[in-house]
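Asks: Listed here are the chains, written in short residue letters.
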Amino acid sequence: MNALLHLWLIPLAPFAGFLINGLLGRKLPKPLVTTIGLAAPLVSLAVVFTLGWLLPAQAAPLVETCPQPWIDAGLLHVNFSFVLDQLSLVMLMVVTGVGFLIHIYSVGYMGHEEGYARYFSYLNLFLFFMTVLVLAGNALLMFVGWEGVGLASYLLIGFYFERKSAADAGKKAFIVNRIGDFGFLIGMFLLLANFGTLTFSEIGARLAANPGWQGGVLTVTALCLLLGATGKSAQLPLYIWLPDAMEGPTPVSALIHAATMVTAGVYMIARTHVLFDHSPFALGVVAVVGAATALLAAAIALVQNDIKRVLAYSTISQLGYMFLACGVAAYSAGIFHLMTHAFFKALLFLAAGSVIHALGGEQDLRKMGGLWRKMPVTFATMTAAVLAISGFPPFAGFFSKDAILFAAFQHGELGRALWAVGLFTALLTSFYMFRLWYLTFLGEPHDETGHPHATPWWMLGPMVILGLLSIGGGWIGIERFGALLTPATGKPVEAAGGHLELLLTGAAVVAGLLGLLIADRLYRQRPAAARELAEALPHGYKLLVNKLYVDEFYGAVVVKPLQAISKFVLEWVVDVAVLGGAAWLLAGIATLCGAILQRWQSGNLRSYAAWLAAGAAALLLFVLVPWMSVLTGLSLIHLGVAGH
Amino acid sequence: MNAMNGSILTLILLVPLAGAILTALAPDRLKLPNWIALLTTLVTFLLTLHLPAHFQTGQSGFQFEVNRLWIENPAINYHVGVDGLSMWLVVLTGLLAPVGVVASWNAIKNRSQVFYALFLLQQTAMFGVFISLDLMVYYGFWELSLVPMVILIAMYGRKDGPKAALKFFLFTFIPSAPLLVALLWLYARTGSFDFTALQNAIAHGWFPAAGLYWASLAFLVAFAVKVPVFPLHGWLADSFSEAPVALAMIIAGKLGLYSMLRFHVGLFPEQARMLAPLLIALAVIGILYGACLALVQRDFWRLMAFAALSHLSLITLAIYGLTLTGWQGAVYQILNHSVVDAALFLLLGVLYDQYATSQINAYGGLATKLPRTATLFVVASLAMIGLPMLNGFVGEFLILSSTFTGVSRGWAIAAALGVILGAAYMLWLVQRLFYGQTSEMAQAKPALDVRFGQQAVLWPLTLLMLVMGLAPSLWLAAIQTGVHPPRAGGVAAATQSVLPISLHGEDLR
Chain V
1 MNALLHLWLI PLAPFAGFLI NGLLGRKLPK PLVTTIGLAA PLVSLAVVFT
51 LGWLLPAQAA PLVETCPQPW IDAGLLHVNF SFVLDQLSLV MLMVVTGVGF
101 LIHIYSVGYM GHEEGYARYF SYLNLFLFFM TVLVLAGNAL LMFVGWEGVG
151 LASYLLIGFY FERKSAADAG KKAFIVNRIG DFGFLIGMFL LLANFGTLTF
201 SEIGARLAAN PGWQGGVLTV TALCLLLGAT GKSAQLPLYI WLPDAMEGPT
251 PVSALIHAAT MVTAGVYMIA RTHVLFDHSP FALGVVAVVG AATALLAAAI
301 ALVQNDIKRV LAYSTISQLG YMFLACGVAA YSAGIFHLMT HAFFKALLFL
351 AAGSVIHALG GEQDLRKMGG LWRKMPVTFA TMTAAVLAIS GFPPFAGFFS
401 KDAILFAAFQ HGELGRALWA VGLFTALLTS FYMFRLWYLT FLGEPHDETG
451 HPHATPWWML GPMVILGLLS IGGGWIGIER FGALLTPATG KPVEAAGGHL
501 ELLLTGAAVV AGLLGLLIAD RLYRQRPAAA RELAEALPHG YKLLVNKLYV
551 DEFYGAVVVK PLQAISKFVL EWVVDVAVLG GAAWLLAGIA TLCGAILQRW
601 QSGNLRSYAA WLAAGAAALL LFVLVPWMSV LTGLSLIHLG VAGH
Chain X
1 MNAMNGSILT LILLVPLAGA ILTALAPDRL KLPNWIALLT TLVTFLLTLH
51 LPAHFQTGQS GFQFEVNRLW IENPAINYHV GVDGLSMWLV VLTGLLAPVG
101 VVASWNAIKN RSQVFYALFL LQQTAMFGVF ISLDLMVYYG FWELSLVPMV
151 ILIAMYGRKD GPKAALKFFL FTFIPSAPLL VALLWLYART GSFDFTALQN
201 AIAHGWFPAA GLYWASLAFL VAFAVKVPVF PLHGWLADSF SEAPVALAMI
251 IAGKLGLYSM LRFHVGLFPE QARMLAPLLI ALAVIGILYG ACLALVQRDF
301 WRLMAFAALS HLSLITLAIY GLTLTGWQGA VYQILNHSVV DAALFLLLGV
351 LYDQYATSQI NAYGGLATKL PRTATLFVVA SLAMIGLPML NGFVGEFLIL
401 SSTFTGVSRG WAIAAALGVI LGAAYMLWLV QRLFYGQTSE MAQAKPALDV
451 RFGQQAVLWP LTLLMLVMGL APSLWLAAIQ TGVHPPRAGG VAAATQSVLP
501 ISLHGEDLR
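Heads up: the protein sequence lines correspond to chains V and X, in order.
Following the numbering used here, the numbering of the first sequence begins with 1 at its first residue and continues without gaps.
Following the numbering used here, the numbering of the second sequence begins with 1 at its first residue and continues without gaps.
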C-alpha cells in the first residue's frame with residue numbers, strides 16, 4: 001500500500017484543525033477559519049476513500065501500531081493501534097463523508113454566530129475522537145474515542161452556554177453517558193480478567209480457539225458493554241439525554257446526535273460481536289432493548305411539537321432498529337441501516353435546520369405550514385428523506401429496514417415477536433414523519449412565516465447530495481453489502497427466502513402506506529381530527545406528551561434521594577454531628593487549656609503556639625488510648641469475620 | 001554533571017532553606033520576598049530535574065544516596081536517597097513550589113517575608129520527608145512540614161484561620177506522638193533508625209508480632225490522618241477553606257500517601273496485609289462519601305476538599321490492594337492528582353481574589369468575561385474526572401483495573417461508581433461558575449482574566465496533563481523500579497498462618 005497513506009492521518013488532520021482554530025481562531029480572519037475547518041475533514045475524507053479504493057474486499061485488516069506503548073504497567077500493556085477493516089472502512093466513510101457535508105452546511109448555518117471559530121474547533125475535535133473510536137484496535141483506545149466524542153458532544157450541546165437549558169442539557173448528556181461508560185469500564189475489567197488483553201483481534205482469536213465457551217462470564221461482559229452502548233446510542237434505559245441534546249446548534253444535531261456519534265453503540269457491538277455471538281442471552285437482551293426502544297420512542301414522537309424533538313425521538317427509534325438487527329446477529333444489516341440512516345437522518349436535520357433558519361429560529365411545528373412553495377429545494381430533499389425513513393421503495397431506508405425485519409423474522413420465536421414490534425413501529429414511523437411533513441410544508445402558511453429568509457447554497461448543496469444518497473444509498477442491496485462486511489462481522493447473510501421475503505417486504509410497505517394514509521387523513525383532510533383524537537384519549541396523550549415521565553422518574557428515584565441523603569444524612573449527621581462533634585470536643589478542651597495558659601503569655605504568635613502545644617499535651621493521653629483501641633477493635637472484628 | 005549525584009539531594013534540601021532565611025531577612029519592599037522566593041523555587045525545581053536526568057531506570061534500590069553519621073548516640077545518620085517511588089515525588093514538589101509562589105503573588109499582601117520564608121521552609125520539610133532514609137531524620141522533617149502549615153493557616157486564613165489551624169494541628173500533631181513512640185521502640189530493639197536496616201530486622205523476625213502490630217498501627221494512624229482517610233478527614237474542609245492557595249494545593253495527599261507506601265507497607269508488610277481489608281473498605285467508603293458530599297457543597301473550597309477526599313481515597317485503595325499494577329497506578333495518580341489540583345486551586349484563587357467569595361451561587365456566566373480562566377478550568381476539571389488522553393484517566397484505570405483483577409470485584413465496582421459522581425459534581429461546578437446568565441456579582445465588578453504570570457504556569461501544567469495522559473511510560477518506567485508490594489506468602493512464614501486474607505493475582509512477579 002502507498003507509503004504516504006497512513007491511518008493516523010485520518011484522526012490527525014481534524015486534531016490539527018482543532019488545535020489551530022481552538023487556540024488561534026479568535027485572532028484569525030473568518031475565511032481562514034473556514035478554510036482550516038473544512039480542510040481538516042477533507043484530508044481525512046480523501047485518505048479514507050483512497051484507502052477504501054485500495055483495500056481489496058476480502059483482504060486482511062490493515063493494522064498500524066505506534067512503536068511506543070501507551071500504557072505499560074505490570075500486566076497491562078496497551079498500544080496505540082489502529083485497524084482498518086471492512087467494518088471500520090464503511091463506518092469511516094459515513095463519518096468523514098457525512099461529516100464533511102455537515103461542515104460545509106455549518107459555514108452557512110453558523111456564519112452569523114459568535115464563536116464561529118470555537119464551533120469549528122469543536123466540530124473538528126469531534127471528528128478526531130470519532131475516527132479514533134472507529135479505528136481503535138483495542139477496547140481502551142476505543143474508550144478514548146468513546147469518552148472523547150462525549151466531550152465534544154458536551155461542548156457542542158452547551159455551545160450557547162449562556163442559556164441555562166443548553167448548559168443543563170450538555171451536563172445531562174455527559175453524566176448519563178458516564179453511567180453507560182461505567183458499564184464499558186467494568187466490561188473492560190472483565191475482559192482483562194478473563195482474556196488478559198483488550199485487543200479485539202486477540203480476544204477474537206482466543207474465542208475462536210474455544211468454540212465451546214458459551215455464556216457465563218461472557219454474558220456478563222457482553223451485558224456490561226451493552227450498558228455502555230445504551231448510553232452512547234440513547235437506548236432504554238439511558239435514552240433521556242438525546243432529546244435534550246437538541247439544545248445544540250442544528251448541524252451538530254445532524255452530525256453528532258443523528259448520523260455518527262449515537263451510532264457508536266451499534267458499531268461497538270458489531271466490533272465486539274464475537275463476545276455476543278458466544279452469548280445467546282446477551283444477544284436476546286440486545287434485540288429486546290432495541291425493539292422496545294424503537295417502539296417507545298416512535299410512540300413519543302407521535303405527539304411532539306418541536307420539529308427537532310420529533311427527529312430526536314425518531315433517531316432513538318431508528319437506533320433501536322439497529323440494535324434489533326445486532327440482537328438477531330444480523331450485524332451487517334444493522335450497519336447497513338446505520339449507513340442509510342446517516343444519510344436520511346442527517347438530511348432531515350439539515351432540512352429542519354434550513355426551515356428553522358428561514359423562520360428566524362422557530363421550531364414549533366404548529367407555527368409552520370405552507371412552506372413548500374417558498375423553499376422548494378428544502379421541500380424536495382426533505383420529501384426524499386421522509387420517504388426514505390418511512391421505508392418506501394426504492395428509497396434507501398426501504399432496503400435496510402427490510403433487511404432488519406427479514407433477519408428478525410428468521411430468528412426463532414423471539415425474533416418473530418420482535419419482527420411484529422418492528423413492523424408496527426414502521427407504521428408509527430411513517431405516520432409521525434408524514435405528520436411533520438404535512439405540518440411543515442403543506443397547509444396554510446402562518447402570518448409569522450410570511451417572509452422566510454432565503455437559504456444559502458452552502459446549506460442547500462450538502463442537502464442535495466444527501467438527498468441523492470437518501471434515494472440511491474440503499475441500491476447496493478443487503479446481499480452485496482453483507483458480503484462486503486463478511487471478513488469483519490463474520491456472518492454471511494442468509495439467503496433470500498423467495499416467497500417469504502416478498503411477503504415480508506410487502507407487509508413492511510403496507511405498514512408504511514398505512515402510516516401515510518392516517519397522517520394524510522388527520523393532517524390534510526380533517527385538520528381538526530388530530531385534536532379530537534387527543535381529547536378522546538386524554539391519558540394516553542398526556543403520557544406521551546410528557547415522554548412517559550421518565551425524566552421525572554429518574555429525578556424522583558435517583559437524583560433527589562442521592563442529594564437528600566448526601567445533604568442530610570452524610571453531611572449533617574455523619575460529617576457535622578458525629579465526626580465534627582468529636583473534633584470539636586477535642587478543640588473545646590484544647591481551647592480551655594489554652595485560655596488558662598494564655599494568662600501567663602502575651603504576644604500573638606507565641607500565645608498561639610503555646611496554647612496549641614499545651615492543648616495537645618493535655619489531650620494526648622486522653623485521646624490516644626480510646627482512639628487506638630477503637631481502630632484496633634475494628635480491625636480485629638474485621639479479621640475475625642474474614643477468618644471464618 | 002554526574003559529579004553532582006552525591007550532593008544533589010543535599011542541595012535540594014539546602015537551597016529552599018537558604019532561600020527561607022534570605023526571605024526572612026529581606027525588606028518587605030518592591031515585592032522583594034516574592035522575587036527571592038520565586039527565584040529560589042525555580043532554582044530548586046531545576047535541581048530536582050537533575051534526578052530524572054541521571055536516574056538509572058534499569059536499577060532498583062536507592063540512588064543519589066548519601067549516608068553519613070550525624071549523631072553517634074542515639075545513632076542518627078544523615079541518610080538520604082531516592083528510588084523509583086520517591087524520585088518523581090521530589091520533582092513534583094519542586095514543580096509545585098513556583099506554582100505556589102505565583103498563586104500567592106497578589107493574594108498575599110502583608111507580611112510577605114514571613115509568608116514566603118515559612119513557605120520555603122515547608123518546601124524543605126517536604127523534600128526531607130521524600131528523601132530521608134533514616135527514620136529519625138524522616139520524623140523530624142515530617143513534624144517540620146506541619147509547623148509552617150499551622151502558622152500560615154492561622155495567620156493568613158480567610159475568615160477564621162486560627163480555628164482551622166487549631167483543627168489541623170489537633171488532627172495532625174496528636175497522632176505524631178504515637179508515631180514517635182513506635183519509632184523509639186523500633187530503635188530500642190535494634191539500635192538503628194536506618195530504613196533498610198529496620199526493614200531487614202522486621203523481615204527477619206527480630207520483633208514480637210503483637211508489638212509490631214501496634215507499632216504499625218501508630219505509623220498508619222499518623223499517615224492516614226495526613227492523607228486523609230475516612231473518617232479522619234475532619235480537618236480537611238476547614239483547612240482547604242482557610243489555607244492560602246499555595247498551601248491548600250500541597251496540604252493533603254502526597255506526604256501521607258508516600259509515607260504509607262514506604263514506611264507503613266514498606267516496613268510492616270505483614271501487618272499492612274492484616275490491616276488491608278479495613279483500609280480497603282475505608283478507602284471505598286471515602287471515595288463514595290467524598291463524592292456524595294462534594295455533590296452538595298455550596299462553597300467551592302469545601303467542594304474541592306471532599307473531591308480531594310474522594311480522589312485520595314482511590315489512591316489509598318490502590319496502596320492497600322497490594323498489587324504491582326495498583327502501586328504503579330497509585331504513585332502515578334499522586335502525581336496526576338497534585339498537578340490537576342494545583343491548576344484548579346490556582347484558578348479558583350484567581351476567582352476568589354477578584355470576587356472575595358467562595359459561594360458558588362454568587363458566580364455564573366463567567367465564561368464570556370473570563371474565557372481563558374474558563375478554558376483552563378474546564379480542561380483541568382476534565383483531567384480530574386478522568387477523561388482519556390488526560391492524565392487522571394491512566395492512573396484511575398490502572399488502579400481500578402488492578403483492584404478488579406487482583407483484589408476484589410465488588411470493591412472495584414463500588415469505587416468505579418465514584419467515576420460517575422466525579423463527573424457530576426465537577427461539571428456542575430463548571431456550569432455554576434462559568435455558564436448560564438452572568439450573575440449580578442459578576443456584572444457588578446470588572447473582571448480580570450488570568451494574568452501573564454499565572455498563564456506562564458497554567459499552560460505548562462495543562463500541557464503536562466496532556467503529556468502525562470498520552471505518554472505515561474515516561475514516568476512509569478522509573479516508578480516501576482521502585483514499587484515492590486509485599487508478596488503473598490513471602491517473608492515471614494510464621495506469621496503467614498494467622499493471615500486470614502489472601503491477595504491473589506498479579507502481585508507475584
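Check each hint, because a few of them may be wrong.
Cβ-to-Cβ under 7 Å is the rule here; a few derived chain V residues that face chain X [stated by the list, open to error]:
1) Pro29
2) Phe143
3) Phe189
4) Tyr541
5) Lys542
Stretch-level coverage of chain V by chain X, calculated; a stretch enters the list once three of its residues show a Cβ under 8 Å from a Cβ in chain X [said to hold, decoys possible]:
6) 151 to 164
7) 480 to 490
For the record, the hints were derived by calculation from the structure and aren't laboratory data.
Glycine included, every Cβ here is placed at the ideal spot set by N, Cα and C.
Asks: Does each hint fit the structure? Answer for all of them.
Replies: Comparing the hints with the structure gives:
Because the beta carbon of V/Pro29 sits about 19 Å from the nearest beta carbon in chain X, more than 7 Å, this interface hint is broken. Using the Cβ-Cβ criterion of 7 Å, the hint placing V/Phe143 at the interface with chain X is satisfied: the shortest such distance is roughly 6 Å. Taking 7 Å as the C-beta cut-off, the interface hint given for V/Phe189 holds, the closest approach to chain X being about 4 Å. Restraint check, V/Tyr541 versus chain X: the minimum CB separation of about 33 Å is more than 7 Å; hint violated.
At about 31 Å, the closest approach between the beta carbon of V/Lys542 and any beta carbon in chain X exceeds 7 Å, and the interface hint on this residue is violated. With 7 residues having a Cβ less than 8 Å from any Cβ of chain X, the stretch 151 to 164 of chain V passes the three-residue criterion, so the hint holds. Only residues whose C-beta sits within less than 8 Å of a C-beta in chain X count toward coverage, and the stretch 480 to 490 of chain V has 0 of them, not enough to reach three; the restraint is violated.
When held up to the earlier numbered hints, the structure conflicts with 1, 4, 5 and 7 and fits the remainder.
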